[in-house]
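Asks: Using the sequences plus the hints, can you model the full thing?
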Amino acid sequence: MSAALEARGLSKSYGRLEALRDLSLRVEEGEVFGFLGPNGAGKTTTIRLFLGLLHPSAGGAEVLGRAVRPGSADWRLDVGYLPGELALWPGFSGAVTLDFLASLSGRPAVDRAALLERLGLASDDLRRPVREYSDGMKQKLGIVQALQCRPRLALLDEPTKGLDPLVQQAFYAVLAEARRHGTTIFLSSHVLAEVERVCDRVAMLRSGRLLSVGGVEELRAAQRRRVSVRFLSPVAASELAPFGEVVTSGPDHAQLLVAHERLPALVAKLGMLPLADLVVEPPRLEEVFLEHYR
Amino acid sequence: MTALVLLGHHWRRHRLALPLLGCGLAGFQFLITRIAPTSEQVGFIRNIFAVVPAPVQELLQQQIGSALSGRGFLAFGWVHPVTLLLLGIWTVRVTSGALAREIGHGTMDLLASRPISRASQVGAALAALLLGLTILVAAGWTGSAIGLVTRSLDARAGDYLASAAMAWLLFAAFGALALAVSAAVRESGVAIAATAGLITVSFALDYLARAWQPIHALRILSLFRYDEPQRILAAGPSGIDLAVLGGVLAVAMSLAFIIFERRDL
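Respectively, the protein sequence lines represent chains A and B.
Residue 307 in this note's numbering sits at position 263 of the first sequence, and the numbers go up by one each step.
Residue 147 in this note's numbering sits at position 139 of the second sequence, and the numbers go up by one each step.
Note that these hints are calculated values from the structure, not bench results.
Small disclaimer: the values here were computed from a predicted structure and weren't measured.
Note that the Cβ used here is the ideal one computed from N, Cα and C, for glycine as well.
Some hints could be false.
Incomplete in silico selection of chain B near chain A, CB under 7 Å [to be verified]:
hint, residue
1, 114
2, 117
3, 120
4, 269
No farther apart than 25 Å at their CA atoms in a straight line, the calculated lysine to any residue pairs in the SDA-like style are these [to be verified]:
hint, chain 1, residue 1, chain 2, residue 2
5, A, 182, A, 211
6, A, 182, B, 112
7, A, 182, B, 13
8, A, 182, B, 166
Computed far set for chain A versus chain B, every beta-carbon distance over 10 Å [as the list claims (entries may be wrong)]:
hint, residue
9, 68
10, 106
11, 114
12, 161
13, 202
14, 235
15, 236
16, 295
Replies: Written out as structure tokens, the structure reads:
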């Protein structure tokens, strides 16, 4: 498989501030890739570097097999982009905005009608000037402009910001449809459930540094399980301590964080104790995230 | 193709301003032909001049002497503050709106993420500026030509083509400087202030250096020094003036391209 995005030692500094440090990353074509990190982690900087809006301080990047050079343009032909801080021309109507941006893309807007229908933007809405739109409507228009020309690569910076839960569901359907068309999606988000739901792989960033990259399942598997146990009679917490970290404990109950490979031994031990109930929770991405950022 | 789409984008944003400014300039140049003095009126004014003290006479001669004829008065119309203001509004509006405003407002992200080179963006802004200036100057000259058809003066519209062209070149040079500023800053307010300041300071310097001998040498620093319609009317455009304004235009244009190419958006 060829890479839709590739960064090699990509760095960006503003004076002494290192917004991004030595990022090396490869996103395969056809993937839905999640980019996670708290505010100021460098997510938007990374996307802007991939688009050539910023000049890197060091390293380089390739988009769809072509080197990113801020001054040139041809490599952006197959790229759709939704900015994190979406700004539109207030005096333009929705329809004029979409027509204008499609004509700049140089490709026909083959998916516009389907996207508008799915996201619930009516033709009456498109005739109104953008200054009259709510934040949610602007965000929908932003999603449509990014995907209307069926790009090979879509870079979406916080795409569900300002969308109500119903429209968020519609957006996930849009992503699934884009993926069926072969579009690679690079999505930055704070919403872990969203990333967990739609992404194949996830990268985590903190203070401009890449912490981890992997499949959602892979990251989950590497995460400790939360195990809750209840006993028929009191059991000392020290009996469970060798198997993992005891988070809470009482005379007849305990909660532990246990590494995946220690689970069989713990279950064997519990079999010898007066066990009343056992719950092993699969790790959520949120826990992976919190563990990294704590 | 995309450059044309961008040009259309500029047109959409200034589609009200350009006709208004064009009508204003045409109307003003027409008005100049209505109030320009006839030969009899010029003779009367010269008689009044003759009775004022010699130093005042010298000052008046320096300030308005060359405009004291129908022909000269019409040429003066091309450096009148109203003409300069209308051309200046277009220059400031287009250049600051093209790059700095898009960056400050955030819409540059949508433009620059499309397959458009940065050079195309600067080129489209420059084309919008120069095309608009051409339309405005042509409108002004047309106003003047219509006025001359309807009033008998010792002047022909064709005499003012060179003055109109130099006004175009002067504001093209200012516009290119303004575009370089717009390519460098993040907010349209900064670009507007810098460009308006540049034009105002240049105008004031030219005026003061003409009126006050001790700073006369500084006049060469003002671009207005290189656009003198009275001199153009008498002897045609000077090669040096053309070279200076053309040179400023070329250098400032190159700067705008280089700055925008190298900056972060």
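Asks: Confirm or reject each hint.
Replies: These are the hints, each one checked on the structure:
1. 114: holds, 3 Å
2. 117: Holds, because the Cβ-Cβ distance from residue 117 (chain B) to chain A comes to roughly 4 Å (cut-off 7 Å).
3. 120: Cβ of residue 120 (chain B) sits 6 Å from chain A, so the hint holds.
4. 269: With a closest approach of 5 Å, the residue 269 (chain B) hint holds.
5. A:182 to A:211: Given pair residue 182 (chain A), residue 211 (chain A) holds - Cα atoms ~13 Å apart, limit 25 Å.
6. A:182 to B:112: The given pair, whose Cα atoms are some 18 Å apart, holds under the 25 Å limit.
7. A:182 to B:13: holds, 23 Å
8. A:182 to B:166: violated, 53 Å
9. 68: holds, 22 Å
10. 106: The assertion about residue 106 (chain A) holds, with a minimum of 16 Å to chain B.
11. 114: Since the minimum Cβ distance to chain B is about 7 Å, residue 114 (chain A) lies within 10 Å and the statement is violated.
12. 161: holds, 23 Å
13. 202: With a cut-off of 10 Å, residue 202 (chain A) remains clear of chain B, as the shortest Cβ separation is near 13 Å.
14. 235: holds, 21 Å
15. 236: It holds; residue 236 (chain A) is separated from chain B by about 26 Å at its closest Cβ, greater than 10 Å.
16. 295: Given that every Cβ of chain B is farther than 10 Å from that of residue 295 (chain A), nearest at about 59 Å, it holds.
Checked against the numbered hints listed earlier, the structure breaks hints 8, 11; every other hint is satisfied.
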